[in-house]
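So the sequence lines, in the order shown, correspond to chains L, P and U. When you line the first sequence up against my numbering, it's residues 409 to 672, in that order. When you line the second sequence up against my numbering, it's residues 10 to 243, in that order. When you line the third sequence up against my numbering, it's residues 15 to 435, in that order.
Hints are computed from structural coordinates only; laboratory data are not their basis. A portion of the hints provided could be inaccurate.
Claimed, not checked - Reference listing, derived: stretches of chain L covered by chain U, where coverage requires no fewer than 3 residues with Cβ under 8 Å from a Cβ of chain U:
| # | segment |
| --- | --- |
| 1 | 471-480 |
| 2 | 499-505 |
| 3 | 508-516 |
| 4 | 521-531 |
| 5 | 577-587 |
Said to hold, decoys possible - To give an idea of the interface, some chain P residues facing chain L are shown, with a C-beta separation under 10 Å as derived from the structure:
| # | residue |
| --- | --- |
| 6 | Q13 |
| 7 | H14 |
| 8 | I15 |
| 9 | D90 |
| 10 | E227 |
Glycine is no exception: its CB is placed at the ideal position from the N, C-alpha and C atoms.
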Amino acid sequence: MDKELENNNIIENKALIECKNVDVFYANQQALFGINLNIGEKEVTSLIGPSGCGKSTFLRCINRMNDVIDICRVEGSIKISNEDIYHPDIDVVELRSRIGMVFQKPNPFPKSVYDNVAYGPKLHGRILHKDDLDEKVEKSLERAGLWSEVKDRLSEPGTSLSGGQQQRLCIARAIAIDPSIILMDEPCSALDPIATAKIEELIDELKDNFTITIVTHSMQQAARVSQRTAFFHLGKLIEVGDTEKIFRSPDHEQTEAYVTGRYG
Amino acid sequence: MDDQHIVTSFDEELKDLTDGLVSLGGLAQLALRNVEQSLRMNDHNLAKQTIEADKQINALQVSLEDLTFNILAKRQPMANDLRMVFSAVKVSLYLERIGDMCKGVCKRIIKGDLLNAKSPNTIDALVNLTKDVQQSLDLVLEDYAQGKADHALDVWRSDIKIDSSYANILTAILNDIKEKPEAIEALVPLFFIARYLERIGDQATNIAEVAHFIVSGEKLGDDRKMKVEDETVF
Amino acid sequence: MNKNKEKLLNSRYRAEKRFQFYGKSAIFLALLFLTIFIFKIFSTGYTAFQKTWLIVPVTFDAETMYLDENPSKEDLKDADYFDLALQTMFDLDKSASEKQQNDLKRMVSYFFEREIKRELLNDPSLIGKTKDVYLTASDDLDQVFKGNYPRDLPEDQRRVTDYQLKIFDQLVEQGRVESKFNLSFFTYPDSREAELAGIASSFMGSIFSILVCLVIAFPVAVLAAIYLEEFAPKNRFTDFIEVNINNLAAVPSIIFGLLGLAVFINFFGMPRSVPLVGGLVLSLMTLPTIIIATRSSLQSVPPSIREAALAMGASEMQVVFQHLLPSAMPGIFTGTIIGLARAFGESAPLLLIGMVAFIVDIPATFTDPATALPVQIYIWADSPERAFVAKTSAATLILISLLILINLAAVLLRKRYEVKW
Chain L
409 MDKELENNNI IENKALIECK NVDVFYANQQ ALFGINLNIG EKEVTSLIGP
459 SGCGKSTFLR CINRMNDVID ICRVEGSIKI SNEDIYHPDI DVVELRSRIG
509 MVFQKPNPFP KSVYDNVAYG PKLHGRILHK DDLDEKVEKS LERAGLWSEV
559 KDRLSEPGTS LSGGQQQRLC IARAIAIDPS IILMDEPCSA LDPIATAKIE
609 ELIDELKDNF TITIVTHSMQ QAARVSQRTA FFHLGKLIEV GDTEKIFRSP
659 DHEQTEAYVT GRYG
Chain P
10 MDDQHIVTSF DEELKDLTDG LVSLGGLAQL ALRNVEQSLR MNDHNLAKQT
60 IEADKQINAL QVSLEDLTFN ILAKRQPMAN DLRMVFSAVK VSLYLERIGD
110 MCKGVCKRII KGDLLNAKSP NTIDALVNLT KDVQQSLDLV LEDYAQGKAD
160 HALDVWRSDI KIDSSYANIL TAILNDIKEK PEAIEALVPL FFIARYLERI
210 GDQATNIAEV AHFIVSGEKL GDDRKMKVED ETVF
Chain U
15 MNKNKEKLLN SRYRAEKRFQ FYGKSAIFLA LLFLTIFIFK IFSTGYTAFQ
65 KTWLIVPVTF DAETMYLDEN PSKEDLKDAD YFDLALQTMF DLDKSASEKQ
115 QNDLKRMVSY FFEREIKREL LNDPSLIGKT KDVYLTASDD LDQVFKGNYP
165 RDLPEDQRRV TDYQLKIFDQ LVEQGRVESK FNLSFFTYPD SREAELAGIA
215 SSFMGSIFSI LVCLVIAFPV AVLAAIYLEE FAPKNRFTDF IEVNINNLAA
265 VPSIIFGLLG LAVFINFFGM PRSVPLVGGL VLSLMTLPTI IIATRSSLQS
315 VPPSIREAAL AMGASEMQVV FQHLLPSAMP GIFTGTIIGL ARAFGESAPL
365 LLIGMVAFIV DIPATFTDPA TALPVQIYIW ADSPERAFVA KTSAATLILI
415 SLLILINLAA VLLRKRYEVK W
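With the rest of the complex left out, here is chain L (with noise of 0.2 Å):
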């Protein structure tokens, strides 16, 4: 039986985002070769694997961060919803704002706590009135485990905070625009155990709710937090499976060279 052909039949169902024969190129040069990778509804995937293999590359063509680089090129299908989100008539802005970000060092604008959290909404016009912006702000600070915190600090600006506080506040930003994907490049890895296992704790409560795609260089994080866990190596996806399966026994020899740390 044709294992990966089974696995993708599985979430077939489910799939969320679906990318058949994605290449990118940086001018002249291939960063990414043929992907076809399959991203689930409301569960957790995350990309390894070496640095420069394309995985942030790969995270950035979702939400079209990749289009404010003028030299790269990507090419072939990118599907949400079965939509696809290279179509000349997409509104790269609404798109974006279906899908929040967060970054490897947490880039919390200099305001307030509050206006960070309260961008978004605003932004999009999606909440008008201050009571309901209120409502959004505290929620969305209690689900990313951080209103106890600031909620007497609301109008100290983002950047008093501790790294892993902003971490949190930043995803808490990215979560006030009701996303349906959250994309996370590497997000613990500015910041402390305590911190990143207090992350890790939020993204495991957070996949009820959201899609989320993760990229880490960390296969015992990749092991913990995610369900689905793909192996890119110099631009190419060589694995993607179940997260238990790749760190007990994955298919390639590959994958299994860069989990045990043979290849780095």
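With chain L's structure known, arrange chains P and U on it following the hints.
Coordinates of chains P and U only, in the frame set by chain L:
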């Protein structure tokens, strides 16, 4: 393992673990050979030595356990490394149990009075049983040392043979007791010896399962374990 | 090898000490020169802040003013004060000859008529009475009183006659000469008469010019910088533009004056010597400075902020105006203020567009003829009267103080609004 880890001390630790298990296996094999010889020759001295040598087996098992513990904490092994390290604990326990059981057999040999067992056939059968178990253990340890699982299925199958030999021996002993009830004191230890040998066979089968898991990442099913219905307990 | 290492270490310490010494002495030298400069200017100029008044009794004789008994306020306003004024001065020495009377007349400024009139209008009941009135002393007497005058030169080599000196000394003895703070320096426009000259006209001219400069240069420069930095495609053409903008910042300011003359005055026919044109020329000069400051501030906003905003679904315009610009504002303000400070102190381009004329009225609109403070300094520096020496230095002091204030404002603003990442 083909490739080197980036961290060479990880490779060294894995090698220590494998070598340790191979040594432990060797000690178990030695104990089993001594048991076979003691049975055949009714050699009480050899039996005593074997009992004494069990301490070494226990000590080695404990040190391998510690090593495994450290590797798990320090290296967070994955995939084949994880399977191997995780299984090492089980394998070391199985081998240690084999040592214990050999010790048990030797104790029965010393305590019992085999020359007066009045059933040389049974003794022969026991010796043959020991030989069969030895063969299984040798095969399975050879596989394990090479990181293969080629003989796993063979060992599985031969376990059935061992179990049926065991059943036959039990029946024979029961018959002997019925015929010569006065020799019961000499015959009862034979039950225990047979039981121990059968269980050593089980341990070898367990090791075969583990070898298979390490290589393939899959576990063999339970349905192949046979139940011995007419097991009597003294 | 330890010895070698020690030797190297020691020579490094010595080199560092030498470097520190050079640095400190450079700073010391700069401060020294600055102190000498300020001291010199101050010592030359401080006297301009004092004005000498002659306290002269005035008899408000209605007949001399050709008024009837009980004149109304209107009558007082329209009356002719010239004869009264002359009479006041001649009364200082009732035995003066005609030539001496001429001398007497020239002992006060020609505002003396106005000053007497103002006194009467303030208190119409003075008609028929005598009162001591403060009259501005002439510039030469002013210098005499301040001790700047070479009294011992032969009479035909000086402008103050012996007779004038005699009367003056008498007045001094009578306590009728006073030196007070020279408010008129700040409130009077320029004048040929040194004692009456003030910086009001040039100051207002500068203010108007700078306002025009600010209103034009700031929005144009900031928007141009935003476009070049954020929206323009990166190709050879935009590189070319960037190089040119950087070069423009270093172009001698007089070139802008030539440009202003050729384009604004000759081609567009705009009036000469008005703050509007002056401001236009200054804005051309200030544009590159503000553009460079704005671009640099925009570039110093961490790209992570931009990424975060884009990922939240902000459009490019929203990213620029809601995130980049607010964060870059402190830097932009600093650059603008520095650019304006430079423009405030420029004279060359304004000279070329004619803002060097002699202006006696304080400009009230952007199209009234005006001059600027630095240009005023240039004009006064050229004038022969001794009093103008002090005034030139005084005006320079004022200009420097204003520049210091503006730059201080820039520093404080930057400190206050500096965003810490």
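List in ascending order the numbers of the hints, as given earlier, that are violated by the structure. Result: no hint breaks.
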